[in-house]
Amino acid sequence: MTAVALPRSDNDRRPPLGGFNLTFLGLEIRRVLRNRRTLFFILIMPAVFFLLFGLPNKGQNISDTGASAVAYIMISLAVYGAMTATTAGGGAVAVERAQGWSRQLRLTPLRPAAYVATKVVSAMSLSLCSVVVEFIVGAFGGVRMPAHVWLLAGLGAWIGSLVFAALGLFVGYLAPAENVMQFMGPILALLALFGGLFVPLEVLPHVMQTIAKFTPVYGVGSIARSPLTHSGFTVSSVANVLIWTAGLGIGAALLYRRDTARV
Amino acid sequence: MLAASEITGTRTPAVLLRGLTKKFGTVTAVNGLDLRIEPGEVVAFLGPNGAGKTTTIDMMLGLARPTEGSVQVYGHTPAEAIARGRIAAVMQTGGLLKDVSVAEMVQMTASFFGRTRPVAEVLERAGIADIADRRVAKCSGGQQQRLRFALALLPDPDLMVLDEPTTGMDVEGRRDFWSAIRADAQAGRTILFATHYLEEADAYADRIVLIRKGQVVADGTASEVKALAAGRQVRATLPDADQVRLAALPGVDRAEVRGDTVLLHTNDSDVVARYLLTQTPARDLEITSRNLEDAFLALTSGEDQITQEGTVR
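Chains as they are written, first to last, in my numbering: chain A, 555 to 817; chain B, 361 to 673.
One chain only, chain A, in its complex shape (with noise of 0.2 Å):
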């Protein structure tokens, strides 16, 4: 027994903002950026239903707000791209729980609310990626809007999307899933019919209209299109985004809290 232990130093390895870092985001960021699936739901279906649904309502207007029907579309969609990126990015955590990953973290000194934050961010690139994508192609495709609703639009949808980051984080603490994802899509699409973002909710029955105003999208739709249409940034759509993340966002850290205490 070679029992002559080397004198160490007991030095702390805790790293600097309790392992945030742009190595460990930049690789969650490449990993998302490689999973064509993920990639084909944000980026190439909202572009592809903008060119389905979009362009052939190319000159028209939204019969109230006068408002071009073709960037009422695009931002829309716009919406649903960032919501179905953050979802997944949140969602992420159900997969890494499934295969061990947070396990094995917690022989790192990497803290728990530092993971969090990378996906959180990562999933935000993500949603921006989707915004910028689906705003290139409407642009491409014809949609013509004053520099600052472009900018304003794009910021509404993306830093909208916090709510679904939120959202994928409770989900994917709620039950560890490989295929989270997969019963997440149908309720996205769901969630989106209910904001607004497939047809406008004026089209809709009158009580799936109210019923909508409740649901998590019809917030970000309209505050995201508000710019284009002057209307929608309102008390309600703005309590609507506010109690939404915050309640997710609980949910989500309530059930984080009981995942890295379990024992």
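Incorrect hints may appear among the rest.
What the hints assert, rightly or not - Across the chosen pairs, the derived CB separations fall in these ranges:
no.: 1; chain 1: A; residue 1: Ala671; chain 2: B; residue 2: Lys498; range: 27 to 35 Å
no.: 2; chain 1: A; residue 1: Pro700; chain 2: B; residue 2: Arg494; range: 47 to 55 Å
no.: 3; chain 1: A; residue 1: Asp813; chain 2: B; residue 2: Thr437; range: 18 to 26 Å
no.: 4; chain 1: B; residue 1: Gly528; chain 2: A; residue 2: Gly580; range: 44 to 52 Å
no.: 5; chain 1: A; residue 1: Phe768; chain 2: B; residue 2: Thr437; range: 44 to 52 Å
Claimed, not checked - Residues from chain B that keep clear of chain A, each with C-beta distances beyond 12 Å, as calculated:
no.: 6; residue: Glu532
no.: 7; residue: Asp536
no.: 8; residue: Pro599
no.: 9; residue: Asp600
Everything labelled a hint here was simulated from the structure, so no lab data went into it.
None of the values given here were measured: they were computed from a predicted structure.
A virtual CB, placed ideally from N, CA and C, is assigned to each residue, including glycine.
Please build the complex by placing chain B on the supplied structure of chain A, with the hints as guidance.
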């Protein structure tokens, strides 16, 4: 066992478990386990499935909280020991991202520590530098295990814990893996590995801790543990045997005579065989050995009557 603790009593032990107990509902997985491991020891944690090895390791790593008792790793709590890079572990399964390359996996893990060994160095030491660009999903079980080992090398831990590290590996993979570990142990690292492969415990550990039903049932060097139930049995047909004479042969600790058959339990079967064949009319001679496996079975699968009398301590 060697009273290492008496020689080095002033040193902080690498691992100190006191009265460690873990209950899952009504099931007691670990039952008042006491264990002290000195720095530099290579210890095998040997026991059948369900003996409580993994639960004990989980508590050592802070992945599970003890119901009772305490864990100290170099005098720290498990979480503190991890933060200080004093303990690292190679888990049995899982814990790897499938969609990154081997090198990316190591880079990412390195980024979680304030300071680590260089990525290229740990890849080299774990013997996976040649597959650095391979996707983790495409690596064999043995390669994934060496990747886990590379990750564990990053903080340059004083104590490396391996939970059944060679499960599912082929013979060659197992040999390669152990040669990497052995090279590492020679540098003075403390190693604790759980296994249910007896030959691994025998070949690679300085000390074997046998565990059954969440308790230590034997603790000593491989040869000490073997000796618990070791020795050989010599059996022969020998009419009118002189039992007293046989029992007095060197190395014989038990002699039985059953009719024309003699059964001698000895630690030197050569002497007994030579005597029987040359000095007596014995015939049909048979020598059977009890190996570590028998010791293992006797100590771990026996019912509750095997208690502390079976231990070396």
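*Starting from the hint 47 to 55 Å, judge whether the C-beta atoms of A/Pro700 and B/Arg494 obey it.*
Holds, at about 51 Å.
*A/Phe768 paired with B/Thr437, Cβ distance criterion 44 to 52 Å*: The hinted range 44 to 52 Å holds for A/Phe768 and B/Thr437, with Cβ atoms some 46 Å apart.
*A/Asp813 and B/Thr437, beta-carbon distance inside 18 to 26 Å?*
holds, 20 Å
*For the range 27 to 35 Å, tell me whether the beta carbons of A/Ala671 and B/Lys498 fit it or not.*
Holds, since A/Ala671 and B/Lys498 (Cβ atoms, about 31 Å apart) stay within the stated range.
*B/Asp536 and chain A, when compared Cβ to Cβ, separated by more than 12 Å*: holds, 22 Å
*asked:* Can you tell me whether the CB distance of B/Gly528 to A/Gly580 sits inside 44 to 52 Å?
replied: violated, 33 Å
_Claimed clearance of chain A by B/Pro599, with the beta carbon kept past 12 Å_ = holds, 50 Å
_B/Asp600 non-interfacial with respect to chain A [C-beta, more than 12 Å]_ = holds, 50 Å
*Can we confirm that no CB of chain A comes within 12 Å of the CB of B/Glu532?*
holds, 26 Å
Hint violations for this structure: number 4 only, all remaining hints satisfied.
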